[in-house]
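Residue numbers (this note's numbering), protein chains in the order written: chain A, 1 to 367; chain B, 368 to 734.
It is worth saying that the hints were derived from the structure and are not from the lab. The beta carbon of each residue, even a glycine, is placed where N, CA and C say it ideally should be. Watch out, some of these pointers could steer you wrong.
Just the calculated beta-carbon pair ranges, DEER-fashion [as the list claims (entries may be wrong)]:
(1) K260(A) / S377(B): 34 to 42 Å
(2) P9(A) / F427(B): 31 to 39 Å
(3) S352(A) / T433(B): 34 to 42 Å
(4) S352(A) / L403(B): 32 to 40 Å
Capping the alpha-carbon separation at 20 Å, the derived lysine to aspartate or glutamate pairs in EDC-like fashion look like this [stated by the list, open to error]:
(5) K518(B) / E82(A)
(6) K74(A) / E544(B)
(7) K584(B) / E544(B)
(8) K441(B) / E82(A)
(9) K151(A) / E449(B)
Computed far set for chain B versus chain A, every beta-carbon distance over 12 Å [what the hints assert, rightly or not]:
(10) P390
(11) T391
(12) A412
(13) Q425
(14) T432
(15) E440
(16) K441
(17) R453
(18) F480
(19) E544
(20) K584
(21) A623
(22) K627
(23) G650
(24) T722
There are 2 protein chains.
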Amino acid sequence: MQSIRVDTPSAKYDVIAGSGLIPTLAPRIQRVTGRLPRRVFVLTAPAIWALWSNTFLQSFAEPPTTLFLAPGEKHKTMPSVERLLRQMVAAGGDRGSLLIAFGGGIVGDVGGFVAAIFMRGIRYVQVPTTFLAQVDSSVGGKTGVNLPEGKNLVGSFHHPLAVFADIDVLGTLPDRELRAGLMESVKAGIIRDRALVRFMEEQADEVLGRDQKALEKVIVASIRMKAGVVNRDERENGLRMILNLGHTVGHAIEQATRYKALLHGEAVGWGMIAALFLALRRGTITRGQAERLESLIHLYGPLPPLKLRAPKLVAATGADKKNVSGVRRFVLPIGIGDAGVVEDVTPSELESAVTYMLTHAREQRTK
Amino acid sequence: MQSIRVDTPSAKYDVIAGSGLIPTLAPRIQRVTGRLPRRVFVLTAPAIWALWSNTFLQSFAEPPTTLFLAPGEKHKTMPSVERLLRQMVAAGGDRGSLLIAFGGGIVGDVGGFVAAIFMRGIRYVQVPTTFLAQVDSSVGGKTGVNLPEGKNLVGSFHHPLAVFADIDVLGTLPDRELRAGLMESVKAGIIRDRALVRFMEEQADEVLGRDQKALEKVIVASIRMKAGVVNRDERENGLRMILNLGHTVGHAIEQATRYKALLHGEAVGWGMIAALFLALRRGTITRGQAERLESLIHLYGPLPPLKLRAPKLVAATGADKKNVSGVRRFVLPIGIGDAGVVEDVTPSELESAVTYMLTHAREQRTK
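Kindly generate the complete structure, drawing on both the sequences and the hints.
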């Protein structure tokens with residue numbers, strides 16, 4: 001078990017990663033909050049709760065009030081948020097209440113947002129149950145939901161009191177979800193951690209085989225990278241932007257496929273391949289580095305094929321939330337273990353990169 | 368013109384109160400923001416815009432994108448918020464955009480909340496157009512909307528960049544709204560400012576006759592009181608609670624009458640009468656003080672009659688947002704110019720106070 005400290009101007013808390021956390025949650029939370037409040041809520045997904053409720057409830061003297069969110073991006077909406085808020089009022093929730101978000105990234109984002117705005121903000125704890133949520137979405141205080149116009153267009157910065165990433169839950173995670181989640185670890189390595197890149201190259205069999213030690217190592221390194229970046233730039237004014245490597249094109253792919261065909265990590269995987277192409281063109285990485293990193297991405301694939309057209313994807317990147325006043329921001333790797341943001345990527349440059357990526361994405365189909 | 372500083376751990380900004388602010392808004396905002404962003408939104412109400420759009424637009428080189436909110440608490444909802452957020456995305460809003468909330472308290476609360484959660488928070492400016500919004504809701508960073516279960520149950524703390532309270536708009540304010548708004552100034556005097564109480568007693572004719580100097584004096588004193596309290600307790604953990612004098616019973620009245628029969632200030636006026644009764648019973652004010660303050664409240668009336676039953680009102684106070692873990696919090700005046708929070712008001716004590724208030728509220732009908 002390891003503890004990683006998040007320390008920003010607005011919040012300080014620990015991310016605990018390891019085995020056996022879920023059956024011992026209540027005392028762990030109490031170590032942070034003192035006595036548990038009168039009303040504790042747990043927001044979860046039906047499938048998670050079916051598998052884990054007995055283990056989860058083990059350490060609670062009084063069972064928390066359960067709130068459910070149906071799976072899928074299509075439920076990550078404002079109407080879902082209002083329904084949950086109303087259920088909390090009806091169940092006697094007040095400003096002292098605590099919410100536990102127990103599920104994947106969507107449960108974490110919605111749960112954090114509900115906690116951020118219920119009676120102008122209550123405390124919450126993240127208990128992420130997917131690899132992706134453990135290494136990425138549960139750390140950093142970003143919460144929110146989608147609008148019909150795009151993903152995560154509404155939200156708040158609201159940090160949890162603590163994050164408990166129990167690797168035991170990963171045993172039941174579908175293989176495709178694990179691989180998609182590992183794309184964020186690949187990203188973590190590329191932008192900030194050469195050693196993680198090497199480890200993921202050398203120990204791919206162990207990691208994909210869910211060897212406890214290997215998984216914990218990748219999770220802890222990924223969280224440590226993200227916490228380090230968030231500690232230095234809580235509100236995404238500068239450095240934090242590099243966490244978006246692969247995300248500009250990745251979001252465009254998700255939008256063009258209506259968030260149905262690909263998992264988030266898979267879209268980011270393709271997006272990183274486009275970013276590597278751009279970085280190579282601009283000389284921020286060498287051909288050898290580009291090939292090595294592209295192989296690493298495919299090692300944790302396969303990424304699903306894409307049937308999209310380049311101009312459509314390029315147009316979709318214009319709506320990215322990272323853009324301010326019409327400037328298109330793009331994260332490019334610098335060697336292995338560093339990255340930077342550029343603002344002068346032209347549409348034609350982007351189109352070449354997307355075309356390169358789509359060519360590979362079509363070859364992928366014939367494998 | 369006067370400037371009052373709000374200075375909290377999370378934000379520092381000025382509240383400017385005086386004449387001639389609306390026709391000179393753009394340069395005033397630029398003094399705070401630097402160059403205006405590419406996309407500026409103004410959220411307003413149709414009736415306000417019909418009267419003031421020409422004056423408002425005078426100083427803008429490019430007219431802001433107008434967003435409308437229909438009047439009334441029934442539009443202060445999550446679905447309204449989602450509609451506005453979607454309109455902002457459609458109009459090309461981004462993280463650098465600025466929103467101006469130009470209207471009464473509802474426009475300010477909704478506008479502030481929309482700004483708080485659009486792309487995880489954008490900057491905004493308050494330009495309150497009612498007396499109540501100028502002295503109360505536009506200062507302090509509280510934003511939010513209602514749920515069907517109750518008022519302001521959802522929201523954020525999100526401070527504006529600046530507040531411009533132009534007293535010229537008060538000329539077109541209906542008399543009843545002015546009188547209701549003045550209840551918050553009466554409250555300000557009771558809890559923190561003896562001199563304001565005396566001024567409002569002695570200059571009632573001037574204030575109600577909308578004499579510019581008298582109005583500005585009351586507005587500035589009220590804002591100064593609120594800013595002083597917010598500066599010392601931004602998140603309502605302690606002192607800020609005293610701003611809720613009259614609000615526990617006031618909210619219960621609003622809820623019992625479904626926010627239709629009374630203006631907020633009127634409900635607070637009745638709520639203060641109940642609080643004075645309780646304070647007298649507990650000896651935190653003398654009979655002479657209670658009578659003096661009750662007269663002051665009626666001087667700025669008339670408060671509308673109430674046809675409610677005491678037990679129903681007492682029950683409704685149980686749902687108050689200020690309550691934590693079942694403890695009913697109540698603000699009581701201490702003499703004139705001070706107040707405190709008590710947590711041990713029994714239901715029967717509260718019922719006597721509410722009964723006293725309702726007796727007066729019935730007499731009121733026969734006047």
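TODO: Starting from the hint list further up, note which numbers the structure goes against and sort them upward.
DONE: 6, 17 and 18
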